[in-house]
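Participant: Numbers 1053 to 1447, taken from this note's numbering, label the letters of the sequence shown in order.
Wrong hints could be hidden among the right ones.
As the list claims (entries may be wrong) - With a straight-line cut-off of 20 Å between C-alpha atoms, the simulated PhoX-like cross-links for lysine-lysine are:
#1 Lys-1385 with Lys-1348
#2 Lys-1262 with Lys-1243
#3 Lys-1348 with Lys-1274
#4 Lys-1380 with Lys-1348
#5 Lys-1274 with Lys-1431
#6 Lys-1353 with Lys-1385
#7 Lys-1380 with Lys-1353
#8 Lys-1099 with Lys-1431
#9 Lys-1136 with Lys-1274
#10 Lys-1099 with Lys-1136
As the list claims (entries may be wrong) - Computed spacing ranges between beta-carbons, pair by pair:
#11 Ser-1235 with Pro-1302: 19 to 25 Å
#12 Asn-1284 with Pro-1097: 28 to 34 Å
#13 Thr-1126 with Asn-1284: 41 to 47 Å
#14 Arg-1103 with Asn-1413: 50 to 56 Å
#15 Thr-1126 with Asn-1413: 23 to 29 Å
#16 Leu-1349 with Asp-1204: 31 to 37 Å
#17 Ser-1113 with Leu-1350: 47 to 53 Å
#18 Thr-1100 with Ser-1223: 44 to 50 Å
Hints in this document: simulated from the structure, not taken from any laboratory. Glycine included, every Cβ here is placed at the ideal spot set by N, Cα and C.
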Amino acid sequence: MAASLRPTARQAKGNSSSSTAPLVSTANGSVLPQDLLYEILVRIPAKTLCRLRAVCRSWRSLLSDSSFVTAHNTLHGPLVASFKWEPGQPAGIHILDRSGNTVRHIRFETGFQSYSWIVACSNLDVICRFGADERPRLIDPATGVISLLPDDPEFNHNKHTTRFGFGWASSTGETKVLAITASLTTVRCCKVLTLGGAGEWRETGCPMTKLATTPRCVALAKGVLYFLGYTNCYPDHIAAYDLQTEQWRPDLVHLPLPVRCHVSLAELSDNLVAVYNRNVDSHISKDLWFLTDAEKLLWSKRYTITMPYPKTFDRMMGRWADCFPLWKLDDGKIVFWVSLYLNGGDVRVVHFLRVYDPPTNTYTDGADMPGYTFFGVYKGSLLAGHPWTRNQAGI
C-alpha cells in the first residue's frame, strides 16, 4: 500500500519521479532522503508522531503536511472512540486502535456524566459528550479542545429530551449537528447547526414519526442521518435526514424484514446497514442487510455472521454477549465491538475488539477492556484536528 501513496505525495508537492529526493536532517545531525524518512514515519502510530513533531522544523513540516496526514490516516485508521469511567478516577475518552490499545487519552476532571447517554454517529472527526448540565460538548481528540455547543430556549432539559446527531454534508464536507427535542410520544422540534458557521441553530422540519435516539439506532451514510422509527413500540421503518439539503426525506425507508428480534443501524463501506440479531444458545449470529440503493430503497443481505461465544462465556450462569459491526477493512474483514455481560458472582462488563473474516469464518480478538463503553468510530486524524477546534486552539 505504501508504494501507491508516494506518487500522490510527490504530485501534491510538484515533484517528478525522476527528481533527486531532498535530504532531511535527523535529531543526531545525520541526514536521510525525504522519501525514506516518509516511508518510515508513515508507519509510526500517531501518538508517537505527535511527540516527534518537536524534533526539528523539517520534521514538523513533514508530519503536518496534508498529504502525509492523509496517507497516515489511510494506513492506521479508522480508530475507536470509547469512554472509560472508574470509581475514584477521572473519566475520560480513549481513542483505541483495532487491537484495543489506547493511542490517545483525554481526561475529564469534572462536569461530565459517568455514563454514555448520547447520540453520536460514526465517520466523524469530533466526539460528543454530555456534561452534568445535560448540554453537549464537542471533543476533538487531535487538539484536546472541548467546546460547549450553543444552547437554545427550546432545548428544555427538564420537560423534554434533546438528543443530537452529527455528520458531514456529503458535497460541502461541513460538519452539521441535528438537535431533536422530543416528548414520550412525539418529536417537538428539530434544529440544525453548522460548525464554523454563524453559531446559531436553524429551524428544520420535523419527521412525522416517533424516532429512537439511542446510539445504535442512528447511523450516518453518505451525508444522511438515518434514525430507526417506531410504530406501536416496535421499530419497522427508518427516517432519513439529508444534511446537505437540511430536510427530512419524504419517504420512510422500510426495514428489509419484519422485526422479530433486536435490530440496530450501522455503517459499513459508506452504506447504511440494518443489523438483525439472531443469537442462539452457543453462538452470536447477525444478519447484515445493506441499503444498496437509497433512492429505490433496495436492500441486500450480504452477510450472515456466526461467531461462537468466547470460551470464558457461560450461558448457564445468566451471562449475555453481543457484538456490533464498526467498519470493514480493505481485505474484506469486519471489525466488531464485542460486549460480555458477566453476572456469575459479581456483575461486570467486558469489551474487546474482534476482527472477523467472513469467507473463512475465523476471527482474532483483542485484549479485554473492562470499564469501557463504546462511543463510535473515529475517522479523523490525530495529526490534524477539526478546522473548527483548530481555530479555537490557535493552531
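Participant: Would you mind marking each hint as holding or not holding in the structure?
Facilitator: Results of checking the hints against the structure:
1. Of the pairs offered as hints, the one joining Lys-1385 and Lys-1348 is violated, with about 28 Å between alpha carbons and a cut-off of 20 Å exceeded.
2. Restraint check for Lys-1262 and Lys-1243: satisfied, since their Cα atoms lie roughly 16 Å apart, inside the 20 Å limit.
3. Proposed proximity of Lys-1348 and Lys-1274 is supported: the alpha carbons are some 15 Å apart, at most 20 Å.
4. Distance hint between Lys-1380 and Lys-1348 is unfulfilled; the C-alpha atoms sit about 24 Å from each other, more than 20 Å.
5. For the suggested pair Lys-1274 and Lys-1431, the alpha carbons sit about 14 Å apart, so the restraint of at most 20 Å is met.
6. For the hint pairing Lys-1353 with Lys-1385, the CA-to-CA distance comes to about 16 Å; that is within 20 Å, so the pair holds.
7. Annotation: proposed proximity of Lys-1380 to Lys-1353 holds, straight-line Cα distance about 15 Å (limit 20 Å).
8. Under the criterion of a C-alpha separation no larger than 20 Å, the hint pairing Lys-1099 with Lys-1431 is consistent with the structure, at around 15 Å.
9. A C-alpha spacing of about 30 Å is found between Lys-1136 and Lys-1274, which places the hinted pair above 20 Å, so the restraint is violated.
10. A hinted pair counts as satisfied when its Cα atoms are at most 20 Å apart, and Lys-1099 with Lys-1136 qualifies at roughly 19 Å.
11. A beta carbon spacing of about 24 Å between Ser-1235 and Pro-1302 agrees with the range 19 to 25 Å that was offered as a hint.
12. At roughly 49 Å, the beta-carbon separation of Asn-1284 and Pro-1097 lies outside the given 28 to 34 Å, and the hint is violated.
13. Roughly 45 Å separates the CB atoms of Thr-1126 and Asn-1284, a value that falls within the hinted 41 to 47 Å.
14. A hinted range of 50 to 56 Å is violated for the C-beta pair Arg-1103 and Asn-1413, which are about 41 Å apart.
15. For Thr-1126 and Asn-1413, the Cβ-Cβ distance of about 28 Å falls inside the hinted range of 23 to 29 Å, so the restraint holds.
16. About 33 Å separates the C-beta atoms of Leu-1349 and Asp-1204, a value consistent with the hinted range of 31 to 37 Å.
17. Taking 47 to 53 Å as the suggested C-beta distance range, the pair Ser-1113 and Leu-1350 conforms, at roughly 48 Å.
18. The hinted window of 44 to 50 Å between Thr-1100 and Ser-1223 is violated, with their beta carbons roughly 36 Å apart.
Violated hints for the displayed structure, listed by number in ascending order: 1, 4, 9, 12, 14 and 18.
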